[in-house]
Amino acid sequence: IVACEAALDDAEEFARCARSFHERIVASCGNEPLILLVGTVEGIWSSQFADEAVDRTEVVLADRRRREEALARHRLIYTAIEAGDEQQAERIVREHYANRPRGERIGRKVLVRARRV
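Heads up: the sequence shown begins at 3 in the working numbering, then just goes up one per residue.
These are computed hints drawn from the structure, not numbers from a lab.
Where a beta carbon is used, it is the ideal one built from N, C-alpha and C, also for glycine.
Check before you lean on any hint, since a few could be wrong.
[What the hints assert, rightly or not] Ranges of calculated distance between the beta carbons of each label pair, as one might list FRET restraints:
(1) Ile3 <-> Glu92: 30 to 36 Å
(2) Ala85 <-> Asp65: 17 to 23 Å
(3) Asn33 <-> Arg67: 31 to 37 Å
(4) Glu34 <-> Asp12: 32 to 38 Å
(5) Asp65 <-> Glu88: 17 to 23 Å
(6) Ala64 <-> Leu36: 28 to 34 Å
(7) Leu38 <-> Leu10: 19 to 25 Å
(8) Asp12 <-> Asn101: 31 to 37 Å
(9) Tyr99 <-> Asp12: 19 to 25 Å
(10) Pro35 <-> Glu70: 19 to 25 Å
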């Protein structure tokens, strides 16, 4: 979260920090099949973002307001996990992904690899 705060002015660096945040949460769950599954899905999203980043005007997080919103959600998720409130954490994560901007990039230059995050 601290790294994401420092990267608010750099969309590409912020995206790397946000991905790291997601990976750390998944890695801490202790469920190996879930870690592999989410690692695959996260890889798809990251590949999609990398493809979009070629043209800065298409970067989903190019708008600083979107980065601030994502950071605020990450803080809420972290706080709920730290407090042991799994229902709150789940609700916030579901909202976080439901509110994520969607694009038509999946399938273009995307190589899917299962990996442990």
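Has the hinted range 31 to 37 Å been met by the Cβ atoms of Asn33 and Arg67? Holds - the Cβ-Cβ distance for Asn33 and Arg67, about 34 Å, lies within 31 to 37 Å.
Should the hint that Glu34 and Asp12 are 32 to 38 Å apart at their CB atoms be regarded as holding? With Cβ atoms ~34 Å apart, the hint holds.
Range first: 19 to 25 Å. Now tell me if the beta carbons of Tyr99 and Asp12 are that far apart. About 23 Å separates the Cβ atoms of Tyr99 and Asp12, which means 19 to 25 Å holds.
Taking the CB of Ala85 and the CB of Asp65, does the distance hold inside 17 to 23 Å? violated, 30 Å
Taking 19 to 25 Å as the hint, is the beta-carbon distance of Pro35 and Glu70 inside that range? violated, 34 Å
Supplied distance hint 31 to 37 Å, evaluated on CB atoms of Asp12 and Asn101: Since the Cβ atoms of Asp12 and Asn101 sit about 22 Å apart, the hinted range of 31 to 37 Å is violated.
Regarding Leu38 and Leu10, is the given constraint of 19 to 25 Å on their beta-carbon distance met? violated, 31 Å
Evaluate the given range 28 to 34 Å for the C-beta pair formed by Ala64 and Leu36. holds, 31 Å
Okay, Ile3 versus Glu92 on CB: inside 30 to 36 Å? Violated, at about 19 Å.
State, for the Cβ atoms of Asp65 and Glu88, whether the hinted interval 17 to 23 Å holds or is violated. The hint (17 to 23 Å, Cβ to Cβ) is violated, given that Asp65 and Glu88 are roughly 31 Å apart.
Comparing the model with each numbered hint stated earlier shows that hints 1, 2, 5, 7, 8, 10 do not hold.
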